[in-house]
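A.B. asks: Starting from the given sequences, assemble the full structure and let the hints guide the process.
If you read the protein sequences in the order shown, they are chains V and H.
Using my numbering, the first residue of the first sequence is number 1, and each one after it goes up by one.
Using my numbering, the first residue of the second sequence is number 1, and each one after it goes up by one.
No lab work stands behind these hints, which were simulated from the structure alone.
Note that the structure is predicted; figures quoted are calculated from it, not measured.
Be aware that a few hints might be false.
No copy labels: a pair is met if it fits in one copy or bridges any two.
To be verified - Here are the simulated DSS-like pairs of lysine-lysine, each with C-alpha atoms no more than 25 Å apart in a straight line:
#1 Lys441 - Lys28
#2 Lys507 - Lys523
#3 Lys421 - Lys433
#4 Lys427 - Lys349
#5 Lys441 - Lys223
Number of protein chains: 2
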Amino acid sequence: MRGSGWFPTLGLLAWFCCFGPRPVEAGKVLVLPVDGSHWLSMKILVKELVQRGHDVLVLVPETSLLIKSSENYRTEIYQVPYSKEDLDGNFNELKDGLFDKPPTMADIFINVERLVTFTTMQVSGCESLLRNQPLMTRLQEQGFEVVLTDPFLPCGSILSHLFNVPAVYFLRGLPCELDLKANQCPAPPSYVPMAFSGNSDVMNFPQRVKNMLMYFVQSYMCKIIYREFDRLVTRHMSDVQSYRELLSRGAFWLLRYDFTFEYPRPVMPNTAFIGGINCAKKAALPADLEEFVNGSGDDGFIVFTLGSMVENMPEQKAKEFFTAFGQVPQRVLWRYNGAVPENAPKNVKVMKWLPQNDLLAHPKAKVFITHGGTHGIYEGICNGVPMLMFPLFGDQGDNVNHLVHRGVAERLGIYDVTSEKVVAALKKMTHDKSYKEKIVKLSQINQDRPVAPLELSVFWTEFVMRHKGAEHLRVAAHDLNWFQYHSLDVIGFLAVVLLTVLWALLKCCSCCIRRCLRTGKKKKE
Amino acid sequence: MRGSGWFPTLGLLAWFCCFGPRPVEAGKVLVLPVDGSHWLSMKILVKELVQRGHDVLVLVPETSLLIKSSENYRTEIYQVPYSKEDLDGNFNELKDGLFDKPPTMADIFINVERLVTFTTMQVSGCESLLRNQPLMTRLQEQGFEVVLTDPFLPCGSILSHLFNVPAVYFLRGLPCELDLKANQCPAPPSYVPMAFSGNSDVMNFPQRVKNMLMYFVQSYMCKIIYREFDRLVTRHMSDVQSYRELLSRGAFWLLRYDFTFEYPRPVMPNTAFIGGINCAKKAALPADLEEFVNGSGDDGFIVFTLGSMVENMPEQKAKEFFTAFGQVPQRVLWRYNGAVPENAPKNVKVMKWLPQNDLLAHPKAKVFITHGGTHGIYEGICNGVPMLMFPLFGDQGDNVNHLVHRGVAERLGIYDVTSEKVVAALKKMTHDKSYKEKIVKLSQINQDRPVAPLELSVFWTEFVMRHKGAEHLRVAAHDLNWFQYHSLDVIGFLAVVLLTVLWALLKCCSCCIRRCLRTGKKKKE
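C.D. replies: Take a look at the structure:
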C-alpha cells in the first residue's frame, strides 16, 4: 500500500493562494427538503452550510414526519391541506402487508399506486405553498442565491425556476430513473440494470431481455408517477412543459452514492458522488452502551435496525428474532419499539433509538442487520461491517442485491423469516471470513477519495452560488429532442441520399446495358 | 461571490484522520512518455511523484526531441533503430507547407499519412525495446506498481500488460477518439463535435449531417492510424486482439482538459480532468524581463510563441509580424529563433526561450499570440489572457475553434497572414473589453475546483498503486461486443416475438371471422 496521503505540498498551497476558490462570504440558501429518511442526509449538509456562515432557510410543511425546527438553521413553516393523521395513514399504507406476503412482480404496480397517492398528497402541500402569496413574496424578497432541494418532490425546483435562482439537487435517485433522463445521462440497458429487475451489471441474454422489458415498463410508469408533478408544473409556469424539463434546468446534482455501492456507468459532468456523507462524523458511545458492547468478548456484537421509518414489527416476527438471538454468541443491540417477551435472551438490548454509526464504528461490531436503506448501507460500508438484510420497500430490494452481488451481505425475506434462517445466516457470516474481508476492502476504497463527501457537497453548493450556476457543465443535448439526440433525422436523411444515389446508379447502369444490348442487336441484324 | 474557500473544517480534518488515504510510503512507478510537447505536461506529474518520495523510472529512447535525463528522476535509455536526423526529418515533414498553403479537407488525409509515418517510426522504437530481453527482464524484476504512460503511443500499455501492472493514462485525447471508444464513453454525434468538423456542441441540421459523416470518416481512419499499433500488439501478446482492446484495460485516465475548454459531454467514472496542470507553479520574472514588461505602461504587452516545436518561420512571414508589432502601442515578447531585421521595431524583444506562464501571469499581459496547443491554451486560460491564434497542425484547429466559440480568442491563418490582419486583430482584442471579461470569467471557473489538477493526478496515480487498479470504476460494457452493447440482439429477439404474436393474433382473428361468416351463410341457407 502506497501513497502520500493527503498532506498538501507547498505546490498545492501555492495553487490555493494564487488560484482556488474565493474567500469566505455568507450566502443565502433556500432549502426544500423531502420528509422521512431523505431528510436525514440532507440535514448534514444543511448544518455544515450554517457552520460555514451561510444564511440557510429551510421550508417545512406544518405536517411532517421527521423535519423539525432547529436552533442550527432558520425555518419557515407553511400550511398544508392534510393532517398528521393523513400523512401517517398514507405512509403506513406503504408498509401494508410488508411483514406477511412475499413480494411479487405485481407489487411494483401496487407500490407505484401507493407512491402516487403519497406524492399527490405532497403535491397538494406544494400547491398550497405556491398559492400562499404573502409567503412567496417574502421568500422572493430575500434574494436567495441557491435552492437546495431533493427532486423526489417537485416544489424545490419549481421555486428555483419561479425565483430564477439556480438549483442544487441532493438525491439518491428518482423513480423510473427520471434523474438520468432529465440530466441527459446515457444508461445503456445492456449493462446498466433497471430498478426492480434483479439484474447486476453483468447480464446474460435472458437477463438483458428482462432489463429491456423493464425499461419499457418503467418508461410507461414514468408517465403515471409524474402525472401530478407535470400538472403542477404546467399550472404554475407557462414556459415549462413537464417535470422532466423543469428538472433538466438544475445546475448541479449531488448523488448520494458512489461506485463502491452502485455499478459503474457513464456519468455527467454536473454531478458529484457523495455516498457516505452520513458516516463521517463519529461520537463516543454512551457509557452504558460502551460497557455492553465491550462485554461481548471476542464474539462481538450485532446491530439491528430497520430504519428511521420502521420501529416496530408484528409480535410473532419479533419472537423469531428474539429466539434466534438467544442462539448466537454475539450480543445484540436492537432498535425496537414493540413488546419484549418476558423470557427475552440476556444478550439482547432493546432500545428505542440507537447511535447506529457510532456502534458500527466499534471494532467489536460483527454484523449489521438492516433493511437496506442507503443511509444504513453507507454506515455499514464506511465502517466495514457485513450486513444481513431484510429489504422492505422502495429501492431497498435493489440496494440489497448490489451488496449481495459484492459478497458483503446476505439477504432474507422479512415475510417468511424464521429463527433458524436468522441463526444460519448469522453463523455463516461470522464464520466465513470472506464477508468481512470484502467489506473492509470496499470500505477502504469508499474512504479513499480526493475530497470527503460533505466537503464536496459544500464545495459545489458554494460553486453554484459563486458562479450563479454551473453552465459550463451543462451539455448541449438539453436543446435537442429525442429524435435529434439519437440523430434519427440525420440517419434518415443520409439513408435517403444513399438510396437515391444507388437508384440513380442502377438506372444509369441498366440504361447503359440496355443501350449496349440494343447496339449489339442492331449490329447482329 | 460567496464561498467558504477551501479551508478545512474540523469535520474535514476528522474525516481525514478516521478515513482518508493511507499514510506515505514510496511506490515504484514506470513512466513511458511520448516525446515532444506531450512530455512537457507529463514531466510535471513525474517530478511531483518524485517529490512525494516515489521511485520513478522514465524509459527514454536514445533518440528523442525533448525528453532528457534529469537529476529529479531515474532514467533508463533504450536503443531505437532510427537516428536523430530521421526523427527530425520525420517531424519536420509535419510542418511541411504549413506557412504557405491554406488548409483544406484533403489535409486531413495528408496529416493522417504523416502521422502514420511518424508513429510507425515510434512503433519500431517500441519493438526494439520489447526485443531487448536483458532490459525487459531488468525492468520486470523491479516490481513496478503502476505504469504511467501517454497512450498516444502503444509501448506503455504493452509493458503494463506484459508486466501485469495497472496503467494510468495521461493524455489530451487520441486520434479518431480512440480514448472514448476504448473506455466505452458514449459520445452522441448529435452534440459531441467530431475532430476536424469545425462544429461546436450546438449544431444545426447540416452541421449534424457533417458531424455524422466525419464520424464515419474517422471510424475508417481509425483502422489506418492504428494498423501498426494493432500489429505490434498482436505480435507481442496472444490474448489481446487490438490496440483498442489493450487500451480498454487501463486502470485510470488523466485527461489534460476540462469543460472550460472542451464542450461538456458524458464522462466515465475512471477519468479525472486535469486541464491546467501546467500552469499552477509560477516564478518571478528575471530582472530584465520584469523591467521590459513593467515599462510597457497602461498599454501592456503581448506574448508571442508558436509552441515548443516551432521556433522559426519563413523570413517574409516574420517580417509581417515585425511590421505589425511596430504599429501597436503594446510591447511584444516573441519567442523566435530566426533572423531579426535591422529595422525591427523597438517595442519588440526577441528571445530564444520565454518563461511563458510567468509572463502571462503578469497583470500587464494583454494578448497571447499562440498556435493553439493545449499547453499554451491552458496558460492563457489560467491567467485570463485573451488569445490571438494561428493553428498549425494536429488538434490545434479544433482547440482554436473552442476558444473562438467562447469569445475569448481570434483566429488567423499563418499561411496568409499580413501585418494589417495582425494589427486589426490586436486592436480589436485590446479595445473590445468583452475578450478580457470572458476569459477572466473562464479563468475563475477553471481555477475554482475542489482539488488542484496536479494534486488530483497524484491522488489517482497513488490510488491505483494502493488498490492495484481501480476495478470498481470499470464499466461492465467492456465485456460486451458492439452488437450486445447496443442491445441489437435483444431488440431483434423482441421484434421477432412481437411479430409472431401479432401474426398468431391475426391468424386467430381471420379464422374466427371466416368461421362466423360461414355460420352466417349456413344460417341464411
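A.B. asks: Hint by hint, which ones does this structure get wrong, listed from lowest number up?
C.D. replies: 5
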